[in-house]
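Work out the full structure, taking the sequences as your base and the hints as a guide.
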Amino acid sequence: MDMIDPQPGCSGGAEAVLGLQPNSSISIAYHSLFGTHNDLLLLEVDEKLLPEILHERVTLRGQPDEDAVLCTASKTYAVKFVGSSNSLFLIPPIDKKVSDLCKTKDDNNMVVASVIKVAPGCMELVEVAPKLDKLKLLLSQNPYSFSETSDMDISEEKEKTGIGLYRWDDLVDRLQASDEELRLGLQSLSAIEIDGYWRILDDKYTNTILNMLLHNVILNDWSINALKEDEVVGVLETDGFPRNIATHCLQVYCCKVDEGVGVCSTWKLDERRVCVHLAREILKEGKLKIEIFMEKWMRKVPDGMHASFDMLEGEVLTEKLGMETWVYSFSVSSLPSTPAERFSLLFQERAKWEWKDLQPYVRDLKVPGLSSEGLLLKYTRRTQPTMDAEPIFSAR
Amino acid sequence: MQIKVKCSCGEGNCPEWAIVELQGVVEAQPSFQNRLQNLQIGVLCRPSSQESYTFTVGYHELIGTKVSLKKPILVLKKIKLRKEEEEEEEEEGEDDVNSAGVELDVIGVIRHKILFKTRPKALISKPQPAVKEKVGAATVLQ
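These protein sequences, in sequence, are chains S and P.
According to the working numbering, the first sequence is numbered sequentially starting from 1.
According to the working numbering, the second sequence is numbered sequentially starting from 1.
The set of hints was computed from the structure by calculation and includes no laboratory data.
Everything numeric in this text was worked out from a predicted model, so none of it was measured.
In this text, a Cβ means the ideal position worked out from N, Cα and C, and glycines have one as well.
You may find that some hints are simply not true.
[As the list claims (entries may be wrong)] Cβ-to-Cβ under 7 Å is the rule here; a few derived chain S residues that face chain P: (1) A14; (2) L20; (3) I26; (4) F34; (5) L40; (6) L42; (7) D46; (8) L54; (9) E56; (10) T59; (11) N86; (12) S87; (13) L88; (14) F89; (15) P93.
[Said to hold, decoys possible] Pair ranges (Cβ atoms, derived): (16) E27/P x A340/S: 41 to 47 Å; (17) S140/S x K77/P: 36 to 42 Å; (18) G101/P x P368/S: 29 to 35 Å; (19) C9/P x V82/S: 24 to 30 Å; (20) I124/P x L370/S: 52 to 58 Å; (21) A395/S x G101/P: 44 to 50 Å; (22) E27/P x L370/S: 42 to 48 Å; (23) C9/P x K352/S: 56 to 62 Å; (24) N13/P x Q384/S: 57 to 63 Å; (25) S145/S x K77/P: 46 to 52 Å; (26) G101/P x L184/S: 25 to 31 Å; (27) V82/S x Q50/P: 27 to 33 Å; (28) F146/S x K78/P: 45 to 51 Å.
[Claimed, not checked] Restricting the straight-line Cα-Cα distance to at most 27 Å, the calculated cross-link-like pairs of lysine-lysine (DSSO-like) are: (29) K204/S x K296/S; (30) K366/S x K352/S; (31) K268/S x K256/S; (32) K228/S x K300/S; (33) K320/S x K356/S; (34) K78/P x K48/S; (35) K80/S x K6/P; (36) K80/S x K378/S; (37) K80/P x K80/S; (38) K6/P x K70/P; (39) K131/S x K78/P; (40) K80/S x K77/P.
Right under this line is the structure:
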């Protein structure tokens with residue numbers, strides 16, 4: 001036997017290594033195609049993720065300057081490369097045909113398993129929260145406004161240039177979130193798909209259509225707990241709102257009471273959402289003394305609804321100036337969703353927080369693998385002067 | 001940007017690959033450095049019915065075991081979906097920064113490895129046959 005002979009034995013692959021019988025041996029050699037093979041990557045996955053991956057329901061998402069994430073239908077995972085100082089000899093299986101040939105050879109030759117590459121390490125997955133802060137930013141570039149309903153030319157022009165207009169696929173390309181998380185993100189922004197583009201309505205538009213709806217409720221003597229979809233949408237249409245936006249308004253400010261089968265669906269005004277919207281409108285111009293705010297708010301709230309200050313958790317803050325209490329707008333939905341940035345902004349707003357004030361601003365923070373207590377421990381300092389005093393949270 | 005993860009093996013038919021893992025690196029003698037292809041690294045032996053193995057590399061013997069991985073490892077192959085217009089660009093810079101038009105194909109799954117986590121033992125009393133020495137001229141470096 002000479003060293004020039006390339007394959008001294010017959011070839012076996014991974015099967016031969018893993019199925020090695022007791023009292024036998026196998027030669028391990030570099031493959032005839034051995035090399036760095038940078039196109040071959042190793043990815044460690046949880047057993048329960050395997051079916052999703054093998055059924056091709058998984059994608060990697062990210063911009064060139066971002067760390068890639070892996071998205072399943074509903075979850076997002078960070079991809080981390082973990083290097084190893086050990087040598088990982090990677091042995092592929094062999095073609096069936098070759099192994100058949102193998103059997104015809106005489107048995108004196110030792111089976112050879114070939115190493116295609118020495119892997120420098122393996123990629124691992126860590127579940128993370130979706131990165132959706134950019135979604136609001138993207139959709140805010142070009143919110144839907146009155147000019148588009150009234151003036152078709154402008155809308156056509158915008159369509160041509162496409163500035164700030166995003167289709168579903170454009171959003172998927174730009175955001176690191178799974179489809180389901182992206183859908184929830186769009187929902188929480190009350191976004192609507194208009195002519196194939198995902199849009200948010202600008203403040204003025206939203207305000208006008210809601211006020212028109214509330215106005216029509218009074219005018220037509222509708223019950224706020226039983227709004228007939230066809231009727232409401234029809235009336236809003238005659239008021240000049242496109243049909244799809246009228247329906248969207250119902251979805252955002254009402255909840256469906258019963259799904260009409262054959263007949264039209266019935267909706268009920270969502271007390272909390274309507275009241276919160278009205279409060280936001282009042283506080284838009286700036287802070288108000290609490291008595292004045294409450295009076296204005298109560299006046300705006302439609303008959304049959306009961307506004308209470310508790311509804312404004314996570315929407316407004318109060319501060320005492322001398323004898324007076326002032327209310328100002330501070331909405332959790334305007335805050336970043338990554339814990340570090342969120343807490344930093346919160347402590348800029350206020351150096352010390354009581355738990356009852358802080359809780360509405362942190363309860364939506366979700367970091368996989370970290371409890372809400374864990375989050376507080378990591379980002380805040382908790383002080384409790386006496387046993388029965390309320391704990392106070394400040395920056396670490 | 002989105003990169004699809006595909007699996008062309010068909011449902012549940014991903015072939016199993018194997019890993020032989022050992023500490024440090026195997027370094028071939030300088031004369032083989034640039035032509036490792038087909039060179040023997042060593043001999044893997046299963047001396048008994050237990051899942052214990054020896055791996056003999058040159059004058060060194062390693063002792064290890066077969067380990068089932070807690071989580072499976074997928075073998076992915078990066079596939080460039082070349083479009084004709086893009087081909088010219090790519091010739092200029094074979095860079096992965098422009099990974100538009102890339103797919104990942106799952107071509108295998110790894111569920112077991114043969115792990116040698118101890119340092120090698122020198123085989124002084126049992127020199128290898130001269131021919132083997134030539135063919136498998138490799139030593140384990142720590």
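Provide an ascending list of the numbers of those earlier hints which the structure does not satisfy.
When the structure is compared with the hints, none of them turns out to be violated.
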